[in-house]
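Visitor: Heads up: the sequence lines are chains A and B, in that order. One point on numbering: in this note's numbering, the residue at position 66 of the first sequence is 70, and numbering is uninterrupted. One point on numbering: in this note's numbering, the residue at position 30 of the second sequence is 13, and numbering is uninterrupted.
Since the hints were made in silico from the structure, they are not lab data. Here the structure is a predicted model, which is why all the values come from computation and not from measurement. It cannot be assumed that every hint is accurate.
Unchecked claim - The calculated label-pair distances, taken between Cβ atoms and stated as ranges, are: (1) A:Leu135 with B:Leu81: 41 to 47 Å; (2) A:Asp66 with B:Tyr10: 54 to 60 Å; (3) A:Asn48 with B:Arg58: 48 to 54 Å.
Cβ coordinates follow ideal geometry from the N, Cα and C atoms, glycine included.
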Amino acid sequence: MIVENSEVILSVRNLTAEVNGTPILKGINLEVKAGEIHAIMGPNGSGKSTFSKVLAGHPAYDVTGGEVIFQGENLLEMEPEERARAGVFLAFQYPLEIPGVSNLDFLRVAYNSRRKQQGLEELDSFDFDELVQEKLEIVKMNPAFLSRSLNEGFSGGEKKRNEILQMALLEPKVAILDETDSGLDIDALKIVADGVNQLTSPENATILITHYQRLLNYIVPDFVHVMAQGRIITSGGKELALELESRGYDWLLEDAAIMEVGTR
Amino acid sequence: MSIQVSPSTIPNPDEFVTSVLADRDPYLTELVKQCQGLIQVIEPETVAWVQELRDRAASLARQYTIPSRNDEEWRFTDLSTLRQVTFQAVSEQSAISLSDIKSLTLPEAVNSRLVFVNGVYAADLSSVADLPDGVVVSNLAGLPITHRSRVKDYLAQHQGVQEVFTSLNTAGITDIAVVWVEKNVVVETPIHLLFISTSGNTPIISQPRCLIVAELGSSVTLIEDYISSPTSNSQSLTPYFTNSVTEIVLAENAQVSHTRVERESVEAFHIGKTAVTQARDSHYTCSAITLGGKLSRHNLEVFQTGEQTETTLNGLTMIAGQQVADTHSAIALNYPYGTSNQLHKCIVADKAHVVFNGKIFVPKPAQLTNANQLNRNLLLSPKARVDTKPQLEITADNVKCSHGATVSQLEDEEIFYLQSRGLDENDARNLLITAFATEIINQLPLASLRETLSVAVNHQRLAVT
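Next up, chain A with everything else stripped away, as it sits in the complex:
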């Protein structure tokens, strides 16, 4: 929702980044205020996922210019775990399977690291169990998944639900969902979208990164941005997503290509 005079949570200015010397992000500008849902769309290889990973602090990407201010702090100077504790959450496109690490223990460690940052007392396993049972409802997850190893042998849908469960526990200030919808059947998509909708509030913000318009039928964005060749080439309201659905990306890409030539 767009809230009048709400605080700016995330401000990205002219962000450039590369991986192994290859420029991927070529000047991203984005401002996200509390309460807002932003969708970033674009064809494969446009830099959407890179953008999300750079925000989360993935070490494989080198930031070469620009700045990212998160709640008044320079996000780019923070370690990935510091960003997480401060309230940046990335739901992974491909959540990793980690055999030998119990899902429940992992959730508790993650939860307590955020609590500690907020100056709150860490929860013991008894209190945490109670809390997590409550949060399971949000993503309609079977409690049996808690005693299993983190994501090990989970289906695609179960992994994504587990990501949203983590989001529910960590209560981030800004949640970046990287292709959370890809590969989900419609039932799983509804559950995941419903979970995300329950977690959005006037105090936090959500960035949806997606290739498909379908997700936006279930999570309605306030703003839609189209990314191509490492830049946001156009922005609009939710109707832009519908236009992309019917016309594809090509018309925008052609415009962008002309602009590219024009700037040279």
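Given chain A's structure and the hints, the job is docking chain B onto it.
Guide: Frame of chain A; chain B shown alone:
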């Protein structure tokens, strides 16, 4: 009970005496001479047959040399550092009190424990008050007379008993830890065989010997534990040498759960053999945990002597610094319907070096055998080294066999995933290392051991980072 051991497997050292020159390796001869302590029994009859066994093994050992890297079985493990040390055997008891070893005892096995210090039986540290009828857990001197003669039928009878370090051990038998479970007896209480080494000013050699016999339909859980004394100065640089042999005999339908823990000091040399003979329908499970030792070697050999046996071998080796840890396993499935599952995991840090050689033999008669083997290695430093060699020899044509070996490092993506949930890099790495070890540790039969070893793994891990 009936245990089939084919006649050809019973060693006949007489064959060798005239054919090979004795004292080929003065170092080995000296070790054999060192280990000629008194046999710990009272009545002469037992002393006589043990002495005879020792003499035969001694004359055999003196025809060998300490293996070098030219020896295929020792290609990756260099024993020249062992040769640089002169070891002496001890015969007197060490002054260790029960309170000294409090941290080493297992609450599940408080009164089902035998303790040996530097290879010498420590009666005051041992207690077997908690055991049901039909099970004998004792050193040689404490054995009922009836069992002394029965031990003779099984001691040093396994295939491969002529191997050099086994011969060295047999040549120096002064005492034996015996666990004898009678027909159809199910022993719920786990049995703890604890071998403590104290490190003084002179390098010592100790040669623990265990004999486990599980008669028809019996069941027992065994913890075989090698550790350096907590009272020893941890900074002590005095090396010591443990050369152990454990023979385990499973009669028909018997079940043995065996956990072997090696957590010697990092100055120790440890060469240990586990020789298992499995009659039909028996189940044997081994969890071998290796954390200690400057140089350690575990020879794990399983011989099937009947149909439909089940063998599970789990292994975890976690070493750092300049440690070398070598596991050589061999499973001989000679009858139909056998199953073997082996998972051996290694975590190698710093400049440590791990060796794994896993042989599985499935000859023609072993039809409808299932044999799986997997060796997974996690390298934590660019200088860490792994030599792994799965070795399946299959001539039966209707079997299911698989094997594999993986060598990997911690995945950056996994670390990042954990970081993105608020764990710092160090905690993320540690969590992943622990998780790798957990798969084996979680399968250990005793809660206290799972706990202790988790702590030991964490401790080892902290030393790494």
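Visitor: How does the Cβ-Cβ distance of aspartate 66 of chain A and tyrosine 10 of chain B compare with 54 to 60 Å: does it lie in that range?
Guide: Holds - the Cβ-Cβ distance for aspartate 66 of chain A and tyrosine 10 of chain B, about 58 Å, lies within 54 to 60 Å.
Visitor: Confirm or reject the claim that leucine 135 of chain A and leucine 81 of chain B have a C-beta distance inside 41 to 47 Å.
Guide: holds (45 Å)
Visitor: Does the beta carbon distance between asparagine 48 of chain A and arginine 58 of chain B stay inside 48 to 54 Å, or does it fall outside?
Guide: holds (50 Å)
Checked against the numbered hints above, the structure violates none of them.
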